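Q: Reminder that position 97 of the sequence shown reads as 106 in our numbering, one-by-one numbering, no gaps.
These aren't lab readings, by the way, just hints derived from the structure by calculation. Any given hint might turn out to be false.
What the hints assert, rightly or not - In the EDC-like style, the derived pairs of lysine to aspartate or glutamate whose C-alpha atoms are separated by at most 16 Å in a straight line are:
no. : residue 1 : residue 2
1   : Lys112    : Glu53
2   : Lys76     : Glu98
3   : Lys84     : Glu104
4   : Lys78     : Glu98
5   : Lys39     : Glu92
6   : Lys54     : Asp72
7   : Lys84     : Asp72
8   : Lys79     : Glu53
9   : Lys39     : Asp90
10  : Lys70     : Glu53
11  : Lys78     : Glu53
12  : Lys39     : Glu58
13  : Lys112    : Asp60
14  : Lys54     : Glu92
15  : Lys96     : Glu73
16  : Lys88     : Asp60
17  : Lys70     : Glu98
18  : Lys39     : Asp89
19  : Lys112    : Asp72
20  : Lys96     : Glu58
Stated by the list, open to error - FRET-style restraints, in silico, Cβ to Cβ:
no. : residue 1 : residue 2 : range
21  : Gly91     : Ile19     : 41 to 47 Å
22  : Thr50     : Val28     : 40 to 46 Å
23  : Lys79     : Val31     : 40 to 46 Å
24  : His102    : Glu73     : 43 to 49 Å
Being a predicted model, the structure only gives us computed values, none of them experimental. Don't be surprised by glycine CBs; every beta carbon is placed ideally from N, CA and C.
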Amino acid sequence: MKKKLTVSLISALVIIGVVVTVMMLLSSQKSTYYGYMANATTAEKVVSEKDGLVTDNINLKHDENFKPKKGDFVKLVSKDDGETFYKKEVVSHDEIPHGLMMKIHDMEM
10 MKKKLTVSLI
20 SALVIIGVVV
30 TVMMLLSSQK
40 STYYGYMANA
50 TTAEKVVSEK
60 DGLVTDNINL
70 KHDENFKPKK
80 GDFVKLVSKD
90 DGETFYKKEV
100 VSHDEIPHGL
110 MMKIHDMEM
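With the sequences and hints as input, model every part of the structure.
A: Listed below in structure tokens is the structure:
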């Protein structure tokens with residue numbers, strides 16, 4: 010009885026390990042960016058969360074779930090280092106990390 014339980018427990022752990030490993034290999038690197046909208050289609054400044062680089066005047070495409078207005082803060086997620094964004098959402102001021110917000114507002118740290 011103990012031997013069956015041991016074998017089933019080991020096999021379950023091996024299966025879980027294989028599934029987690031495959032999920033890690035199949036998931037790609039994502040880059041997160043935070044920005045400030047100049048108008049409904051252009052982000053005035055976008056800051057990379059990874060390296061803190063600031064990019065100016067990024068054009069964003071509208072879709073039915075993403076309708077920012079002038080002055081909104083946005084969170085953008087990209088798989089190709091900021092060329093295209095597959096996840097876009099309007100966020101509040103408090104959801105942006107402090108250091109990145111200072112870069113958006115051109116403040117010295």
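Q: State for each hint whether it applies.
A: Against the structure, the hints come out as follows:
1. Lys112 with Glu53: Distance of about 12 Å is within 16 Å: holds.
2. Lys76 with Glu98: Holds: Lys76 and Glu98 sit about 8 Å apart, inside 16 Å.
3. Lys84 with Glu104: Satisfied, since the Cα-Cα distance of roughly 9 Å is no more than 16 Å.
4. Lys78 with Glu98: With Cα atoms ~12 Å apart, Lys78 and Glu98 stay inside 16 Å; holds.
5. Lys39 with Glu92: Given pair Lys39, Glu92 holds - Cα atoms ~12 Å apart, limit 16 Å.
6. Lys54 with Asp72: 20 Å, violated
7. Lys84 with Asp72: 15 Å, holds
8. Lys79 with Glu53: 10 Å, holds
9. Lys39 with Asp90: Holds, because 8 Å separates the two Cα atoms, which is no more than 16 Å.
10. Lys70 with Glu53: The hint holds at about 14 Å.
11. Lys78 with Glu53: 12 Å, holds
12. Lys39 with Glu58: 11 Å, holds
13. Lys112 with Asp60: 12 Å, holds
14. Lys54 with Glu92: This hinted pair holds, its Cα atoms lying about 15 Å apart.
15. Lys96 with Glu73: 12 Å, holds
16. Lys88 with Asp60: Holds - the C-alpha atoms of Asp60 and Lys88 are around 15 Å apart, at most 16 Å.
17. Lys70 with Glu98: 12 Å, holds
18. Lys39 with Asp89: 8 Å, holds
19. Lys112 with Asp72: 27 Å, violated
20. Lys96 with Glu58: Judged against 16 Å, a Cα distance of about 15 Å means the pair holds.
21. Gly91 with Ile19: 41 to 47 Å: 45 Å, holds
22. Thr50 with Val28: 40 to 46 Å: About 41 Å separates the Cβ atoms of Thr50 and Val28, which means 40 to 46 Å holds.
23. Lys79 with Val31: 40 to 46 Å: 44 Å Cβ-Cβ, so the 40 to 46 Å window holds.
24. His102 with Glu73: 43 to 49 Å: 25 Å, violated
Comparing the model with each numbered hint stated earlier shows that hints 6, 19 and 24 do not hold.
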